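Chemist: Based on the sequences and whatever the hints tell you, model everything.
One letter stands for each residue in the lines below.
Protein chains: 2
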Amino acid sequence: MAEALFRRLAIIGIGLIGSSVARGAREYGGIAECLVICDADLDVLARAQALGLGDEYEADPARAVAGADCVMLCAPVGAYTALAAAIGPHLAAGAILTDVGSTKQSVLRDVGPLVPPTVSFVPGHPIAGTEFSGPDAGLADLFRGRWCLLTPPPGTDEAAVRRIRALWGILGAQTAVMDAPHHDRVCAIVSHLPHLIAFTICGTADDLADETRQEVLQFAASGFRDFTRIASSDPVMWRDIFLNNKEALLEMLARFSEDAQAMARAVRWGDAAYIEDKIVRSRKIRKSLIDLKQA
Amino acid sequence: MAEALFRRLAIIGIGLIGSSVARGAREYGGIAECLVICDADLDVLARAQALGLGDEYEADPARAVAGADCVMLCAPVGAYTALAAAIGPHLAAGAILTDVGSTKQSVLRDVGPLVPPTVSFVPGHPIAGTEFSGPDAGLADLFRGRWCLLTPPPGTDEAAVRRIRALWGILGAQTAVMDAPHHDRVCAIVSHLPHLIAFTICGTADDLADETRQEVLQFAASGFRDFTRIASSDPVMWRDIFLNNKEALLEMLARFSEDAQAMARAVRWGDAAYIEDKIVRSRKIRKSLIDLKQA
Numbered sequence: 001m002a003e004a005l006f007r008r009l010a011i012i013g014i015g016l017i018g019s020s021v022a023r024g025a026r027e028y029g030g031i032a033e034c035l036v037i038c039d040a041d042l043d044v045l046a047r048a049q050a051l052g053l054g055d056e057y058e059a060d061p062a063r064a065v066a067g068a069d070c071v072m073l074c075a076p077v078g079a080y081t082a083l084a085a086a087i088g089p090h091l092a093a094g095a096i097l098t099d100v101g102s103t104k105q106s107v108l109r110d111v112g113p114l115v116p117p118t119v120s121f122v123p124g125h126p127i128a129g130t131e132f133s134g135p136d137a138g139l140a141d142l143f144r145g146r147w148c149l150l151t152p153p154p155g156t157d158e159a160a161v162r163r164i165r166a167l168w169g170i171l172g173a174q175t176a177v178m179d180a181p182h183h184d185r186v187c188a189i190v191s192h193l194p195h196l197i198a199f200t201i202c203g204t205a206d207d208l209a210d211e212t213r214q215e216v217l218q219f220a221a222s223g224f225r226d227f228t229r230i231a232s233s234d235p236v237m238w239r240d241i242f243l244n245n246k247e248a249l250l251e252m253l254a255r256f257s258e259d260a261q262a263m264a265r266a267v268r269w270g271d272a273a274y275i276e277d278k279i280v281r282s283r284k285i286r287k288s289l290i291d292l293k294q295a
Numbered sequence: 001m002a003e004a005l006f007r008r009l010a011i012i013g014i015g016l017i018g019s020s021v022a023r024g025a026r027e028y029g030g031i032a033e034c035l036v037i038c039d040a041d042l043d044v045l046a047r048a049q050a051l052g053l054g055d056e057y058e059a060d061p062a063r064a065v066a067g068a069d070c071v072m073l074c075a076p077v078g079a080y081t082a083l084a085a086a087i088g089p090h091l092a093a094g095a096i097l098t099d100v101g102s103t104k105q106s107v108l109r110d111v112g113p114l115v116p117p118t119v120s121f122v123p124g125h126p127i128a129g130t131e132f133s134g135p136d137a138g139l140a141d142l143f144r145g146r147w148c149l150l151t152p153p154p155g156t157d158e159a160a161v162r163r164i165r166a167l168w169g170i171l172g173a174q175t176a177v178m179d180a181p182h183h184d185r186v187c188a189i190v191s192h193l194p195h196l197i198a199f200t201i202c203g204t205a206d207d208l209a210d211e212t213r214q215e216v217l218q219f220a221a222s223g224f225r226d227f228t229r230i231a232s233s234d235p236v237m238w239r240d241i242f243l244n245n246k247e248a249l250l251e252m253l254a255r256f257s258e259d260a261q262a263m264a265r266a267v268r269w270g271d272a273a274y275i276e277d278k279i280v281r282s283r284k285i286r287k288s289l290i291d292l293k294q295a
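Chains as they are written, first to last, in my numbering: chain A, 1 to 295; chain B, 1 to 295.
All clues given are correct.
Any copy, or any two copies together, can satisfy a pair, since identical chains are not distinguished.
Heads up, simulated SDA-like pairs for lysine to any residue below, C-alpha to C-alpha not over 25 Å straight-line:
| hint | residue 1 | residue 2 |
| --- | --- | --- |
| 1 | K284 | A264 |
| 2 | K284 | Y274 |
| 3 | K284 | G134 |
| 4 | K287 | A176 |
| 5 | K284 | D271 |
| 6 | K287 | D226 |
Just so you know, these hints were derived from the structure itself, not from any lab.
Computed from a prediction, not measured in an experiment: that's the story for all the values here.
Modeler: Next comes the structure, spelled out in structure tokens:
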């Protein structure tokens with residue numbers, strides 16, 4: 001087998017994404033000679049060890065990153081500032097620091113200033129997931145055929161970017177490089193707003209009178225079922241995403257709300273042509289998705 | 001084999017739901033001795049015949065219902081007034097008229113006055129479907145394990161209600177009887193509003209600048225993909241549902257919009273506890289759904 005991309009890879013946070021990277025690294029090979037698993041939650045860390053996800057296990061992130069030539073943050077983005085402060089002084093010269101967070105301007109803001117000048121910083125965001133959480137939920141093939149978006153700040157060592165692209169390539173993902181503000185706008189509409197809507201409509205249903213609420217569940221049609229699947233994602237992770245992509249999320253919600261009000265007006269006034277046109281357009285988007293093999 | 005429930009069942013409209021009933025009737029038996037398929041679209045009717053979905057095929061609904069002891073309307077609810085006017089004078093004395101429309105107050109309003117006094121009227125709504133349409137899309141087991149809600153007007157012959165319940169029972173569905181306004185409110189929140197939202201967010205994405213729109217599709221995350229699956233449903237059917245459940249749909253949209261604005265406010269002001277609480281609540285709803293085996 002060819003030499004691995006990294007000698008020592010430290011994964012900080014071993015939830016759905018971290019444990020999927022760890023499983024993929026073991027299943028496909030060529031990513032790291034030694035995989036260090038770190039999680040501040042000792043129960044989670046013990047579970048990762050019981051599952052045999054890594055080669056070494058470490059609760060203290062400062063110790064986990066010592067001597068690692070690649071460090072991947074896989075914790076909720078709200079924990080990044082504290083994590084970066086803890087690991088910054090212990091990162092090895094020449095190491096690459098990357099992550100999998102869903103908001104990228106916040107990562108540049110929170111982590112960037114704490115990265116030593118000898119370390120290359122290549123933020124990343126694999127667009128993949130399930131509604132499950134924790135080290136048991138990971139899948140070696142979670143990233144196969146999916147995109148991983150990279151947002152290295154200007155001046156980042158290109159060799160470091162290539163190595164992170166190679167890592168995701170081994171895991172089966174395509175990579176694209178873009179700037180962080182653009183990333184955050186795209187993800188606000190394709191991911192963050194759909195989640196906000198799904199969480200909200202579940203609450204709206206929950207607020208109905210007790211008797212009606214029971215029937216909401218009992219007769220839940222396919223539309224609502226799909227929404228609750230989305231809505232069962234991890235609360236802390238999504239809370240942090242919303243708070244760390246505030247501007248783009250609020251803008252996309254404002255656009256959506258305007259459009260929903262326009263649809264409501266068409267329903268109230270019986271504008272059949274307007275309603276049908278909007279539905280036909282959404283079918284076209286669906287067709288484009290299928291053509292792009294993302295559906 | 002035991003005698004069939006009906007001697008002659010006429011299915012008016014052979015799309016996803018109609019063709020699923022037809023397939024189920026053939027697969028499970030005991031529903032009708034003779035199945036008459038009717039569709040005003042001659043191409044659709046020819047396709048149903050090529051698929052062998054029925055015993056007789058008839059483009060004219062007045063002729064299709066002649067001599068039938070059960071007639072099931074499976075057309076978009078917007079076509080019901082014209083259909084009821086066409087078939088009313090030709091319904092056989094003692095026949096049962098039923099339907100599968102998603103809005104029930106409108107069905108009582110549009111069809112009720114045109115039903116002869118010798119005919120029993122048992123409106124129904126099977127809560128099942130896929131994102132596909134047309135006679136090829138039907139599935140014999142589409143209704144297995146699902147609910148069919150019945151909204152017979154006061155005074156409806158109970159034997160007629162029992163026979164329609166038996167029909168859905170053969171197709172594998174549970175039935176529940178409720179009044180039409182209550183049905184429309186429950187379906188507004190579990191089905192109609194989720195579809196309105198899905199159609200709308202697809203349009204919101206489509207309105208983004210060309211370059212961004214391409215990336216919306218290319219990087220579509222799981223959240224958005226689920227929305228587009230919902231949004232690919234039949235335009236005419238959904239247009240008619242929105243227009244025929246206006247009051248309940250607008251009320252549920254207003255509730256949802258208030259809740260979405262409250263969430264936006266929490267995001268803007270960094271109210272982490274509020275956001276997390278809402279996400280935790282939606283997970284609980286998800287769990288309830290799983291417990292009720294509807295997920």
